[in-house]
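Protein chains in written order, with our numbering: chain L, 1 to 198; chain F, 199 to 426; chain V, 427 to 554.
It should be emphasised that the hints constitute simulated quantities derived from the structure, not laboratory data.
Just so you know, not all the hints are guaranteed correct.
[What the hints assert, rightly or not] Derived lysine to any residue pairs resembling SDA-like cross-links, with alpha carbons at most 25 angstroms apart:
| no. | chain 1 | residue 1 | chain 2 | residue 2 |
| --- | --- | --- | --- | --- |
| 1 | L | 81 | F | 271 |
| 2 | F | 374 | V | 475 |
| 3 | V | 527 | F | 383 |
| 4 | L | 81 | F | 268 |
| 5 | L | 81 | L | 16 |
| 6 | L | 141 | L | 82 |
| 7 | L | 69 | V | 527 |
| 8 | L | 81 | F | 383 |
| 9 | L | 81 | F | 313 |
| 10 | L | 98 | L | 16 |
| 11 | F | 322 | F | 296 |
| 12 | V | 527 | F | 283 |
| 13 | F | 322 | V | 527 |
| 14 | L | 141 | F | 225 |
| 15 | V | 523 | F | 242 |
| 16 | V | 523 | V | 553 |
| 17 | L | 98 | F | 280 |
| 18 | L | 81 | F | 374 |
| 19 | V | 523 | F | 268 |
[Claimed, not checked] To list a few chain F residues with every Cβ distance to chain L over 12 angstroms, as calculated:
| no. | residue |
| --- | --- |
| 20 | 234 |
| 21 | 237 |
| 22 | 244 |
| 23 | 250 |
| 24 | 252 |
| 25 | 256 |
| 26 | 272 |
| 27 | 294 |
| 28 | 330 |
| 29 | 362 |
| 30 | 374 |
| 31 | 375 |
| 32 | 378 |
Here a beta-carbon is modelled for each residue, glycine too, at the ideal position from N, C-alpha and C.
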Amino acid sequence: MTGSPSAQHQLDLVPDALLAGRAADGDTAAFEALARRHGPLMRATARRLTGSLADADDVVQETLVQAWKQLENLRDPAAVKGWLLRIVGSRSIDHLRKRRHHLGLDDLENRAENHVEEHSKPQSTDPEHNAVNTSRVEALKAALALLPEEQRRCWVLKEFNDQSYEEIALTLNISPASVRGRLARARITLARTMEEWR
Amino acid sequence: MNTPGDALECGHSLAELSTYLDTGEIADPAHLRSCPECQAGLASLRRLSELGSELLSSDLADAGSGHDDWMQSILDNLRLELRPGRNIPLRTENPHDTLWETEGAITALIRSVADALPGTAAGKCRLHGDLAGGESNTADENSTSGAGIIVDVEIAVVYGHPMEERAAELRRELAKTLAFQTELTIEAINITVTDVLELPATPTPTTPTAAATLPPPEPIPSEREDLP
Amino acid sequence: MTEHLEPASFSPSETSPVAEPHATAPSAVAEELLRVIQAVEGVTAVYPAQPLWQSIAGAAIAAVTGESLPLVAVSGDADPLAVKVRIGVGTVLPAPKVARKVAEAVRNHLLPRPAAVEVYVVKVQPVS
Numbered sequence: 001m002t003g004s005p006s007a008q009h010q011l012d013l014v015p016d017a018l019l020a021g022r023a024a025d026g027d028t029a030a031f032e033a034l035a036r037r038h039g040p041l042m043r044a045t046a047r048r049l050t051g052s053l054a055d056a057d058d059v060v061q062e063t064l065v066q067a068w069k070q071l072e073n074l075r076d077p078a079a080v081k082g083w084l085l086r087i088v089g090s091r092s093i094d095h096l097r098k099r100r101h102h103l104g105l106d107d108l109e110n111r112a113e114n115h116v117e118e119h120s121k122p123q124s125t126d127p128e129h130n131a132v133n134t135s136r137v138e139a140l141k142a143a144l145a146l147l148p149e150e151q152r153r154c155w156v157l158k159e160f161n162d163q164s165y166e167e168i169a170l171t172l173n174i175s176p177a178s179v180r181g182r183l184a185r186a187r188i189t190l191a192r193t194m195e196e197w198r
Numbered sequence: 199m200n201t202p203g204d205a206l207e208c209g210h211s212l213a214e215l216s217t218y219l220d221t222g223e224i225a226d227p228a229h230l231r232s233c234p235e236c237q238a239g240l241a242s243l244r245r246l247s248e249l250g251s252e253l254l255s256s257d258l259a260d261a262g263s264g265h266d267d268w269m270q271s272i273l274d275n276l277r278l279e280l281r282p283g284r285n286i287p288l289r290t291e292n293p294h295d296t297l298w299e300t301e302g303a304i305t306a307l308i309r310s311v312a313d314a315l316p317g318t319a320a321g322k323c324r325l326h327g328d329l330a331g332g333e334s335n336t337a338d339e340n341s342t343s344g345a346g347i348i349v350d351v352e353i354a355v356v357y358g359h360p361m362e363e364r365a366a367e368l369r370r371e372l373a374k375t376l377a378f379q380t381e382l383t384i385e386a387i388n389i390t391v392t393d394v395l396e397l398p399a400t401p402t403p404t405t406p407t408a409a410a411t412l413p414p415p416e417p418i419p420s421e422r423e424d425l426p
Numbered sequence: 427m428t429e430h431l432e433p434a435s436f437s438p439s440e441t442s443p444v445a446e447p448h449a450t451a452p453s454a455v456a457e458e459l460l461r462v463i464q465a466v467e468g469v470t471a472v473y474p475a476q477p478l479w480q481s482i483a484g485a486a487i488a489a490v491t492g493e494s495l496p497l498v499a500v501s502g503d504a505d506p507l508a509v510k511v512r513i514g515v516g517t518v519l520p521a522p523k524v525a526r527k528v529a530e531a532v533r534n535h536l537l538p539r540p541a542a543v544e545v546y547v548v549k550v551q552p553v554s
């Protein structure tokens, strides 16, 4: 669908609440506009949660299937973004769980971590070559990949999606107190790593 | 809840500061304000949080736009699954076979024909009528599927393109395509111009939705689907 | 993702050796049929015969383990053998004709075993 400016692009100006309402009524164009609007954040989140972009795309697709089927249950259409991101969180966790079922746990961990690291090794051999901030972000990626998985999940859901402890707790099926603790441990480890790196 | 390296010498912990960062709640706010150690810890956590935002920006840049190919391919897959529509039977050469086109495949084809014409973009598209042609032809090799199908297509026309001409051209193209790609008997193809699009390259500064509010160059022959 | 856009071969004549379906496992038959279907002129994609939300998880697992999912559904022991396939086609040839060619190719491949072939054309789009 290329060529002429598409009518879809007009929907880019319509607020979330209206689009969600129309989508719940079966308007696929409105649903697709929501998907395009929030797709990048969904993809970025799923990538950090699953460890790979290929998995992230599967997760985004599963999320949109589930969202379409459940849209009519969404009470507050204005909250559709957070709702989509919570589905991304659950689908990402499920995705890893299903895989783990097939592979050994260690095997999977190694795969995911290696995959993350491939793209995120801090290029410390030639630090002057990179802008300082870029390499600090790269260092954070590497440090994040080394965190225990549950801590990483809490951190991503908090920092990328701004979820509350209660929301994260529901997604991960643990208590809000555990979320608070894991998030704190994740931050302490990351902060120390980054302070050392400075 | 203490973690190795968590406790500060003042007796408070980084974990408390982490919670404070999210909730604004802490047992001893007066201490927090005056304790250099707590302030240093808080500053470190805030720097991390800022770096987290930078990582998010970098990941968002990597993820690309929602108008890129990766999202298009996801949406293409979804269309197949979410809106397959009715099954349109096709003639078979063997009584054991059942062959179908999905309604969704045909409406997507119609949309792509409309999108491919210069100056037009497809909106809603519906097939009205009995697509199954009486449901009995799976064993009958010679029956003609569905009689008297009416096709309704809504399009948007780019401002400046002659609407009547565009609609007539699209009607001809669709008749040709549907005769070639389906076995449906098409009774009518109704084309409704529901929107006039302003080219994105010439935005009107006052109203971002200028296209919808411009006086149409000629009467728009249908109800509009304007938003409240 | 779930699409297999690259046909194994585009030779219009049936060149694949005639296997003995009775002696082959159903998944192997499905694999053979996939190649047969992809080789039919006009076919641009073969989609999983079962709905996406049932197959996505499987596809992810397959991506990791290197197994490929059987895209073509072949019922185990029924006689005639029931085959279900969902395809995407291009716009150069008429879609109904391509669907009939697919059914015919599947039937010929399975001979002498009788088959009931169900073909869904779920996508008709020009090849970009």
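- Query: Okay, which hints does this one fail, numbers in order?
  - Reply: 2, 7, 8, 9, 10, 11, 13, 14, 15, 18, 19, 22, 23, 24, 25, 26
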